[in-house]
Amino acid sequence: MRKYFGTDGIRGLAGRELTASLSYMACKSASYILKSDYKNKVIIGRDTRLSGEMLFTAAAAGIMSEGIDVIDAGIIPTPAIAYLTRKLGCAFGIMISASHNPYEFNGIKFFNEDGFKLSDETELKIEDLIDHPEKFGEDAVDDKVGVFRKGESLHRIYIDFLKSTVNANLSGLKIAIDTARGATSTIARSVFTELGAKKVIIVNENYSGIDINENCGSTHPNIIQNIVLENNCDIGISYDGDGDRLIAVDEKGNIMDGDHYLGAVGLYMKKKGLLDNDKITATVMANIGLTKFCRDNNIELVHTSVGDRYVLEEMQKNKGAIGGEQSGHFIFLNDNTTGDGILSSLKLIEVMLNERKKLSYLNEMVTSYPQVLLNARVKNENKKNYDNDPEISKLIKEIEKEFEGEGRVLIRASGTEPLVRVMIEGKDKAKLEEKANVLKNLIEKRLG
1 MRKYFGTDGI RGLAGRELTA SLSYMACKSA SYILKSDYKN KVIIGRDTRL
51 SGEMLFTAAA AGIMSEGIDV IDAGIIPTPA IAYLTRKLGC AFGIMISASH
101 NPYEFNGIKF FNEDGFKLSD ETELKIEDLI DHPEKFGEDA VDDKVGVFRK
151 GESLHRIYID FLKSTVNANL SGLKIAIDTA RGATSTIARS VFTELGAKKV
201 IIVNENYSGI DINENCGSTH PNIIQNIVLE NNCDIGISYD GDGDRLIAVD
251 EKGNIMDGDH YLGAVGLYMK KKGLLDNDKI TATVMANIGL TKFCRDNNIE
301 LVHTSVGDRY VLEEMQKNKG AIGGEQSGHF IFLNDNTTGD GILSSLKLIE
351 VMLNERKKLS YLNEMVTSYP QVLLNARVKN ENKKNYDNDP EISKLIKEIE
401 KEFEGEGRVL IRASGTEPLV RVMIEGKDKA KLEEKANVLK NLIEKRLG
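1 is the number of the first residue of the sequence shown in the UniProt record's numbering; add one for each residue after it.
Worth double-checking, as some hints may not be accurate.
No more than 27 Å apart at the CA atoms, straight line, and that leaves these computed lysine-lysine pairs for DSSO-like [stated by the list, open to error]:
(1) K292 to K358
(2) K319 to K292
(3) K135 to K3
(4) K272 to K358
(5) K163 to K272
(6) K87 to K163
(7) K292 to K270
(8) K271 to K292
By construction, these hints were calculated from the structure, which means they are not laboratory data.
With the sequences and hints as input, model every part of the structure.
Right, dumping it as structure tokens:
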């Protein structure tokens, strides 16, 4: 059972759950485990949260006490830390951020020397050291203490990298961007203007430390939808607080969800010979419309459990070039080792420009089937038993048989609540709602 690490690093209310003491111990522990004789530096970035400097200072102290140098990357997107960890030859990298959460929360994300998130095994070793500090040796002393320095030109290095990933000239393009008062605020304008965009309208670019994600960014796409329509923009882009995902909006003001993005960009990559093994990786929550689109275009769609870490694991295992989730996390493994909002934006714009298509056209390439999502409340100890219940299994088979290949049923246990999540897709929304409620009620009866 994990005590500190969740699905994406350590996260909690800053100063209450994620304290300066925990930041110090977690980063000291990571240093003890991950340091090596030939890599003696760590890079640390953060988003715009007020608590970021407190947690950063504590993290740096823990690292330097282990004799490792610290490079301060300042306010910078999470994927930049993954990239710069590799680029600068660091022992590991740290991002202090709580992504799309309100400013009261913060988190610590770790990347290994190759820019990938830490393995479960390594995270458990860090947890063990946090709780057993007697396992540490002596702190570094005298000239063995780690050195602190401000990173030089790190934003420029990352901006130049992003520009190198796109094969298109943005001249003539009008772009609206919502940086969520977060980490992309420091670089987004430079990236898009230097690539030649005709006009770049950025909102929520200024920040106070207590307003990140507040009524803005990827969790509030209505902001960018309105700006696109008011200013006749070609594309709108909303980032989250740490810049590892995006929500795109077409020129008609319609949101482009992750399934439509994967279909449009994946097919373009296939045409250009860039889609390794003609394969796209998505989670089990991907709409059946994407499955049909891939089948029609001779692309293999590989499904994983929900979560970008599972998408990445599958891509690494089977050499996938693109993968992602409906929520807007996309990974281009030949470019970076984690989800990257700005990079993903540039890939989409490249498709628009080189295919000479409006974003609304690309958005309509995948036809999503109606989808109904319901939560069945059950006893927590029973929530994983749905697979073994004969009545539940029988009903699922009956429903799927009625769909005749034009729909599906997916049920899964919540990781944190006493719930079984029911998802049904098909062509007839009214029929879906009826079937979903019947299945939900049966699950509650059998497992409640």
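For each hint, the structure was consulted:
About 23 Å separates the Cα atoms of K292 and K358, which keeps this hinted pair within 27 Å; it holds. Proximity of K319 to K292 is assessed by CA-CA distance (about 22 Å); at most 27 Å being required, the pair is judged to hold. For a cut-off of 27 Å, the pair hint linking K135 to K3 stands: about 18 Å separates their Cα positions. With a CA separation close to 19 Å, the supplied pair K272 and K358 stays within the 27 Å bound.
Between K163 and K272, the direct Cα distance comes to roughly 19 Å. Compliance with the 27 Å bound is thereby established for this hinted pair. Taking the CA atoms of K87 and K163, the gap is about 16 Å. The hint holds against a cut of 27 Å. Distance restraint check for K292 and K270: the Cα-Cα separation of roughly 16 Å lies within the 27 Å cut-off, and the hinted pair is therefore satisfied. For the suggested pair K271 and K292, the alpha carbons sit about 18 Å apart, so the restraint of at most 27 Å is met.
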